[in-house]
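Quick note, the sequences are listed as chains F and E, same order.
For the first sequence, our numbering begins at 1 and goes up steadily by one.
For the second sequence, our numbering begins at 1 and goes up steadily by one.
Honestly, the hints are just simulated from the structure, not real lab data.
Some hints here could point you the wrong way.
Same chains, same label: a pair holds when it works inside one copy or across any pair of copies.
[Unchecked claim] Below 30 Å or equal to it, Euclidean Cα-Cα: the simulated DSS-like pairs (lysine-lysine) are:
(1) 68 to 35
(2) 35 to 188
(3) 188 to 12
(4) 35 to 52
(5) 68 to 205
(6) 205 to 12
(7) 52 to 211
Quick caveat, the model's predicted, so the values are computed rather than measured.
One letter stands for each residue in the lines below.
2 protein chains.
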Amino acid sequence: MRRAERLVWMTKSLLDHPNQPLSLSDLSVGLTAAKSSLSEDVAVVRQVLEAKQAGQVLSIPGAAGGVKYLAGISESERAGFIHRVRERLTDPARILPGGFLYMLDVLADPEILDYAGRLFAREFVEQGVHVVVTVETKGIPLAVATAHYLHVPVVVVRREHRVTDGPVISVHYVSGSTRRIQTMSLSKRAMPLHARALIVDDFMKAGATVKAVHGLLAEFSASVVGTAVFMATAVPAQKLVDTYDSLFRLGSVEEGQPIFITSP
Amino acid sequence: MRRAERLVWMTKSLLDHPNQPLSLSDLSVGLTAAKSSLSEDVAVVRQVLEAKQAGQVLSIPGAAGGVKYLAGISESERAGFIHRVRERLTDPARILPGGFLYMLDVLADPEILDYAGRLFAREFVEQGVHVVVTVETKGIPLAVATAHYLHVPVVVVRREHRVTDGPVISVHYVSGSTRRIQTMSLSKRAMPLHARALIVDDFMKAGATVKAVHGLLAEFSASVVGTAVFMATAVPAQKLVDTYDSLFRLGSVEEGQPIFITSP
Chain F
1 MRRAERLVWM
11 TKSLLDHPNQ
21 PLSLSDLSVG
31 LTAAKSSLSE
41 DVAVVRQVLE
51 AKQAGQVLSI
61 PGAAGGVKYL
71 AGISESERAG
81 FIHRVRERLT
91 DPARILPGGF
101 LYMLDVLADP
111 EILDYAGRLF
121 AREFVEQGVH
131 VVVTVETKGI
141 PLAVATAHYL
151 HVPVVVVRRE
161 HRVTDGPVIS
171 VHYVSGSTRR
181 IQTMSLSKRA
191 MPLHARALIV
201 DDFMKAGATV
211 KAVHGLLAEF
221 SASVVGTAVF
231 MATAVPAQKL
241 VDTYDSLFRL
251 GSVEEGQPIF
261 ITSP
Chain E
1 MRRAERLVWM
11 TKSLLDHPNQ
21 PLSLSDLSVG
31 LTAAKSSLSE
41 DVAVVRQVLE
51 AKQAGQVLSI
61 PGAAGGVKYL
71 AGISESERAG
81 FIHRVRERLT
91 DPARILPGGF
101 LYMLDVLADP
111 EILDYAGRLF
121 AREFVEQGVH
131 VVVTVETKGI
141 PLAVATAHYL
151 HVPVVVVRRE
161 HRVTDGPVIS
171 VHYVSGSTRR
181 IQTMSLSKRA
191 MPLHARALIV
201 DDFMKAGATV
211 KAVHGLLAEF
221 SASVVGTAVF
231 MATAVPAQKL
241 VDTYDSLFRL
251 GSVEEGQPIF
261 ITSP
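Only chain F is shown next, with the shape it has when bound in the complex:
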């Protein structure tokens, strides 16, 4: 294989395996090249990605040495993405009765999911996340996109469990909005013990749901390494969980009033 072809194949092999350790032998599958040429090729890929802030190629030292691609996103791409989403979400026609903001279409958009997944993954990749946890239903696509770039399983906490979940652990909590007692459950088999968990969700108001997920994950002896939400409300400023990251912050939503969305 010529060098030009090798570079294409190596770029693809890295990009298709985000956050996965790859040895030079993994990268050389299907290539006929000396290890020294492969190292040079890796150096070119690394240099291009880093020059464009489009990701990193980390070296893994030691006997099992190799490289690892981390997906990235440049500052200008991030700014463009944030701007486009804000433009789209501040349309007054999105206001639903009761002061809710219609966001389903945005949370279904493949480009938005991909960007959000990259941003969440980049933010938490150094925490050594083992599993991405979300609560059904609207946060699942975001969680899947994030788990893709972290290369970890996505675990879904359910409102109502089913026979196909196998044995589950359930917790009760008081919903922040309805003040009613709710239940959430997690399959014992789906969630490993002692895992480092990243919680991903679409929306946070008071934070009661995320706080309940913390309680549920404690039953699995998990450590919560972070909480990443797409949209958090500005009020209440004090959430029921101490720390969280959100891509957007939403002002109060009232019919006939403009919508204010900032990006923290």
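Could you slot chain E onto chain F? The hints should help.
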């Protein structure tokens, strides 16, 4: 930018935008190169991907001419994937009371989701899919992975609708397993009219759910271009929908008996 660097960047630009028309100007963003060099670079990427059955780079003729990357998967990769999933799923410890097969962990695995998404997308990309439709909850990750490679929105049919869905259309149907009347709803804003829809789900037994989705989609004047399921049961052989594709077929599941899974 040197040619080696250009090839890396072009490979990344294509792979990051599956099933999206890109003009040479799109591809040249951040590059300093003549159009003729870019065309040569595209030709190298195309040749490598096609030689390895790893995808296609299609030319789009006409004034808005350009190229489009379609994700692929080689026969040997597909065979390896099918084999690994079968090995994992035929573990007798997966049998749940009532003759159900525990699959949540497999449907949460980032590698499996990625492969299934590529396979479903490749199967239906030529149908001009506008939207991937699934029913909450377990099929959502598969639908998200498929929608990523088709670059279309993922629309989730819900068992219970919420205020944040906005106005919804609901249908009633009789569940294949419980024989009880069930409801499913779809947000009017989330689903465009007259769309070409690909239905994706994790499991099909009689097909009552998928049939109900057909009925619901008819309310949106949609055309169903296909149904892609991860696992279908061998019995009943005659499903309530005429056509569907499944990656795996499951024999009867009984405690103490071996599990048989084939790949159609």
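Hint by hint, here is what the structure shows:
1. 68 to 35: within (17 Å within a copy, 33 Å between copies)
2. 35 to 188: neither (44 Å within a copy, 56 Å between copies)
3. 188 to 12: neither (36 Å within a copy, 39 Å between copies)
4. 35 to 52: both (26 Å within a copy, 21 Å between copies)
5. 68 to 205: Neither: 36 Å inside a chain and 41 Å across chains, both beyond 30 Å.
6. 205 to 12: Neither: 40 Å inside a copy, 37 Å across copies.
7. 52 to 211: Result: close neither inside a copy nor across copies, 38 Å intra and 48 Å inter.
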